[in-house]
Amino acid sequence: MEQLVYKRPESIKEDFKIPFCPGCDHGVAVRLVAEVLDELGLREKTIGVASVGCSVCSYDIFNVDIVEAQHGRSMAVATGIKRSKPDKIVFTYQGDGDLASIGIAETIHAMARGEKITTICINNTTYGMTGGQAGPTTLLGQVTTTTVNGRNSETSGFPLKISELLKEIDGVAYVARVSLDSPKSIMNAKKSIKRAFEAQVKGLGTGFVEILSTCPTNWKMTPQQAHERVRGEMSEVFVPGVYKDKVSEAI
Amino acid sequence: MARIVLDRNRCKACYLCIDACPNKVLCVDDNVNNLGYYPVKIDIEKNCVGCAMCARVCPDMAIEKVYK
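Taken in sequence, the protein lines are chains V and X. Numbering follows our numbering, in which position 155 of the first sequence is assigned residue number 155; successive positions increment by one, without gaps. Numbering follows our numbering, in which position 8 of the second sequence is assigned residue number 8; successive positions increment by one, without gaps.
No lab work stands behind these hints, which were simulated from the structure alone. Each statement offered as a hint is correct.
Listed below are the simulated DSSO-like cross-link pairs for lysine-lysine, each with C-alpha atoms no more than 30 Å apart in a straight line:
id, chain 1, residue 1, chain 2, residue 2
1, V, 13, X, 68
2, V, 190, X, 68
3, V, 167, V, 194
4, V, 191, V, 7
5, V, 7, X, 46
6, V, 85, V, 244
7, X, 65, V, 17
8, X, 68, V, 7
9, V, 17, V, 82
10, V, 45, V, 191
11, V, 7, X, 41
Now the in silico label distances, taken between C-beta atoms and shown as ranges:
id, chain 1, residue 1, chain 2, residue 2, range
12, X, 30, V, 184, 29 to 35 Å
13, X, 31, V, 15, 21 to 27 Å
14, X, 45, V, 113, 51 to 57 Å
15, V, 202, X, 35, 41 to 47 Å
16, X, 23, V, 143, 34 to 40 Å
17, X, 23, V, 231, 19 to 25 Å
18, V, 225, X, 3, 27 to 33 Å
19, V, 60, X, 31, 26 to 32 Å
20, X, 5, V, 191, 23 to 29 Å
21, V, 84, X, 23, 49 to 55 Å
22, X, 23, V, 233, 29 to 35 Å
All residues carry an ideal CB built from backbone N, CA and C; glycine is no exception.
With the hints as constraints, model all of the structure from the sequences given.
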């Protein structure tokens, strides 16, 4: 007798379009969010907020209502939705260029207010959609189209460690940094995303998950080489782990 | 018997599933798909144990279902 062990999540549209480049971890990240929405039974009352960047196409993928926010303002838009409809589950799906650069003020202040929102941040150390410019999380020495000799701390500063920064905020209930470079880390990432949604369901505060992702096109690597880079130099600077967990304490 | 259901027209040829599969069930197809890539195809189906590793690493959700 055959037993079904995996199927596409129901929170993904039947005619979904994955617009991402071959081997991009965005596709895995959206699937994990959808699987968590299915498992927690939240699909019918969830509203997503997409940002500007590769995550802009969320409305083609998620089978939930999606609002498109201005560049960097996802957390502000999500605040408005959550306050006007407190019984809904609101999540934002953002890239690092959106959340940590232009949107850092909105992000920090929404978390300082302790808004009950779940935030998923895809950190790929570059601006993927616009052609691979240096972003706030670009590693020192990384070659991008705007740091052609590698990022130099004298002129371009240092990479911003988002999780370490946001864990200090009292309104935040859950902070974790995860990667998607192997089946094992994908399962860990799913647990963290689930915790971040539970933080919102239980009304503990903001849940935040930073996902170390690949951008094979702009890194000019194969998907396999890009995963090696995540395991190597990226994990040395952005150390994966759970940084704050009020959810497990509350259970 | 364990098996996977593959949607070859969603595959974008990153081949992460071929690396993830512990039993070498998948290989590269010789014919292009609707997107213009050489997708993966099922090579030795009897080796499949239904671990769903391929489905978990696939960024394009090209593996629709896994049966065990």
